[in-house]
Amino acid sequence: MSSEHEARPRPGFVSPVVAQHQATSAAYYGPGGSKSLSGIALRAFLLGGALAVSAVACVASLATSSTPLWRLPFFGACLAAFHFLEFWTTARYNHTAASVDSFLLTANWPAYAVAHASAALECLIVGALFPSRSWAPLHTGPLLLLAGIALVVIGQTVRSAAMAQAGPSFNHIVQQARGPQHQLVTTGIYATLRHPSYFGFFYWALGTQLVLGNIVCFVAYAVVLWKFFSSRIRGEEAALVRMFGDEYVAFRKAVGTKIPFIP
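Just add 53 to the spot in the sequence shown (first one is 1) and you have this note's numbering.
Hints were generated in silico from the structure; no laboratory data involved.
Every residue, glycine too, gets a C-beta built ideally from N, C-alpha and C.
There could be a bad hint or two in this list.
[Stated by the list, open to error] Restraint ranges, calculated between C-beta atoms of paired labels, are given here:
1. 162 <-> 115: 52 to 60 Å
2. 181 <-> 276: 24 to 32 Å
3. 298 <-> 108: 23 to 31 Å
4. 199 <-> 313: 17 to 25 Å
5. 314 <-> 244: 16 to 24 Å
6. 221 <-> 244: 17 to 25 Å
7. 159 <-> 237: 28 to 36 Å
8. 159 <-> 244: 28 to 36 Å
9. 118 <-> 283: 39 to 47 Å
10. 144 <-> 120: 34 to 42 Å
11. 112 <-> 194: 15 to 23 Å
12. 115 <-> 233: 48 to 56 Å
13. 291 <-> 194: 41 to 49 Å
Sequences are here, hints too, so could you generate the full structure?
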């Protein structure tokens with residue numbers, strides 16, 4: 054009886070293995086951790102609130118005013134939906150890579166924030182000072198507006214679908230070495246677009262500027278995004294050739310990006 058009693062763990066005793074697991078979990082999932090549950094919940098809540106407020110403001114502005122300022126909350130709704138879907142799609146289809154950073158709220162900081170702030174400011178200034186101006190040639194403003202909305206919807210759909218189909222093979226950070234989960238995806242949406250997530254964001258971003266009616270930011274977005282994706286694709290494809298060899302070389306020759314001047 055005494056030996057059995059002595060073999061039992063002491064009250065409050067935690068084995069080294071359990072203690073290590075708890076410490077690791079706290080580092081990842083605790084406040085300030087890369088996968089902080091409270092941080093993820095807070096960001097999701099704020100993005101949901103921003104989406105709801107922006108959608109209501111957009112509808113209210115359209116219903117009660119003839120000014121083009123409804124475009125600003127529309128832009129806000131697009132941004133909120135985009136950042137939420139970045140995390141949700143990662144968490145759903147590549148859960149081991151999901152983290153606070155998957156929302157992309159601080160990606161390419163501060164250039165990313167400056168770009169969107171500039172777009173909102175241009176729309177606000179032009180809409181407030183010249184509410185009835187017709188910036189589009191040959192009175193094509195309504196068509197360009199519809200084209201912008203279509204690009205936003207198509208771009209977001211393509212990007213999210215690409216992330217979902219690639220699953221564990223997709224990562225927001227360019228991978229330099231092949232992991233056990235990495236596969237070269239060449240079917241589905243990847244049979245038409247070599248980099249569908251980049252295609253989606255490129256046209257999504259340009260679509261938002263058409264909806265906002267921005268001339269300066271439309272041109273700036275097009276130039277900056279083209280340079281960014283041109284450079285990123287070169288670097289990423291160098292890594293992909295190292296990972297998949299001739300298989301990726303053949304895929305690259307067969308499937309284009311559908312981004313202008315990036316074959």
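A quick look at each hint next to the structure:
no.	hint	verdict
1	162 <-> 115: 52 to 60 Å	33 Å, violated
2	181 <-> 276: 24 to 32 Å	26 Å, holds
3	298 <-> 108: 23 to 31 Å	47 Å, violated
4	199 <-> 313: 17 to 25 Å	21 Å, holds
5	314 <-> 244: 16 to 24 Å	22 Å, holds
6	221 <-> 244: 17 to 25 Å	19 Å, holds
7	159 <-> 237: 28 to 36 Å	30 Å, holds
8	159 <-> 244: 28 to 36 Å	34 Å, holds
9	118 <-> 283: 39 to 47 Å	41 Å, holds
10	144 <-> 120: 34 to 42 Å	39 Å, holds
11	112 <-> 194: 15 to 23 Å	21 Å, holds
12	115 <-> 233: 48 to 56 Å	51 Å, holds
13	291 <-> 194: 41 to 49 Å	43 Å, holds
Hints 1 and 3, counting from the list given before, are not met by this structure.
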